[in-house]
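Read off the chains here:
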Amino acid sequence: MTRPLALVEQFQYGLDAPICLTWELTYACNLSCVHCLSSSGRRDPRELTAAECRAVIDELERMQVFYVNIGGGEPTVRADFWDLVDYATAHHVGVKFSTNGVKITPEIARRLAASDYVDVQISLDGATEQVNDAVRGPGSYATALRAMRHLAGAGFRGFKISVVVTRHNVGQLDDFKAIADRFGAQLRLTRLRPSGRGADVWDELHPTAGQQRQLYDWLVACGEQVLTGDSFFHLAAYGEALPGLNLCGAGRVVCLIDPVGDVYACPFAIHDSFLAGNVRGPGGFAAVWRESELFAGLRRPQAGGVCHSCSAYDSCRGGCMAAKFFTGLPLDGPDPECVKGHGARALAAVAGAPAPRPSGDHSHRSNRPRPVPVSIGPRPPAGPGPSPDRPGLPPDRACDQSPLAGFRPG
Amino acid sequence: MSTETRPRAGFDLDRPWQLHPQVSVRPERFGALLYHFGTRRLSFLKSPALLAVVSSLGDAPSARQACRSAGVTEADLPAYAAALATLAGSQMIRERVSS
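Read top to bottom, the protein sequences are chains A and B.
With this note's numbering applied, the first sequence covers 12 to 421.
With this note's numbering applied, the second sequence covers 67 to 165.
Not one of these hints is a red herring.
Partner residues aside, some chain B positions facing chain A, computed with beta carbon under 10 Å:
1. Ser90
2. Val91
3. Tyr101
4. Phe103
These are calculated hints, taken from the structure and not from any lab test.
All figures in this text were calculated on a predicted structure; none of them were measured in a lab.
Cβ atoms here follow ideal geometry from the backbone N, Cα and C, with glycine treated the same way.
If we strip away everything but chain A, and leave its shape as in the complex, we get (with noise of 0.2 Å):
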């Protein structure tokens, strides 16, 4: 049979079809996250309709994807937000859901709770209200907890809690880990990238090299009971791999379908340069993933430029591509957050020249809120580390932004 060395390696040159796909239904969002990585908050008239949606799911059933990663905006103000999950499942193709909570009635719970094909995904970027809140907006915190009250009141169990990890949280690791251990969930952590209005607090929100390693180390302790989506392949040149494939999927195993239709190389990467095409050309969504130019470059070999010297390049790949572009760094070179200090001494050569910005802005007009600095007071004495796993909770190993979550190759 062949060596796993070479599945990796099948994948580095594409699949007929995604693996999983992030499909953003509306750019419309109750809320206005300061790193929103879709710079959602209106929604947009071009906005794909229902029938339409209805035609993508289709095109995705002959495609065989097995699920979508459903967000936004949040895609739970869209009316026809449960006839198209309902539609999806029928259809063959599984749905799993991110929301910052604001529609999860205890009726609606109880419905998610009952069907097999359908994940929930709760948005949570604080352990504390204060934290949460200065990110997400006044009393996203109570909404995302009142969600996860109803799921767990409904027995859903195993939903996700998902965390963009910032410099303000990553002292809460284990305090999110008790939350998700509260309510029978599983704790998925994320990346927070420069995409988005992320471009414009990365440099006040991105975790410091000495808290990357703190996470790297916690992440390193948990294993496989927090999920990562493949978000932090770029510390896996501290050592040890983390769960996960550890190779950027852009293009090759994942893409964005967003809310008009535009098809990016991932959810990160909104800007003209990662456009592939659209789901309303000829051909729809598959002769954009097969066809499409930009992809067909992106499944080609990468030259490690000027990173292919360094003894961790195996391990890291170089990093992020959309984490390199939007701090206006050359794709070939090092991810801002190197952990071998390479970033930095990127981002200080590149200093003062502009980044590229990303392609539309649906931001509400008013009220675009500030990060509020704020500090974390010394914690507990640390406590016994994560948790064992529960028996019960279903193993859930599902795609997450990269379907390559939980795959260890051999």
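With the hints as your guide, set chain B onto chain A.
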């Protein structure tokens, strides 16, 4: 062969097996992708030959017979048994109860 479940000790090649009804299979150049809608796990079949074995499990009187039909040699049989054990451990395949 699957994502992170360790193979069970041993695998009974002489029992009848089948793909779990909640598992979807998507053929790929390298073999196939498997997705289990119940456990929400993704797995990979790393060769077309293994896909042939897995696809014929449900109709074969035993896993051993499914392997033979797919052209698996005696020498290769232990490797296939190990792969099937891993798939059984992650519930991608299960023993078929005779009807």
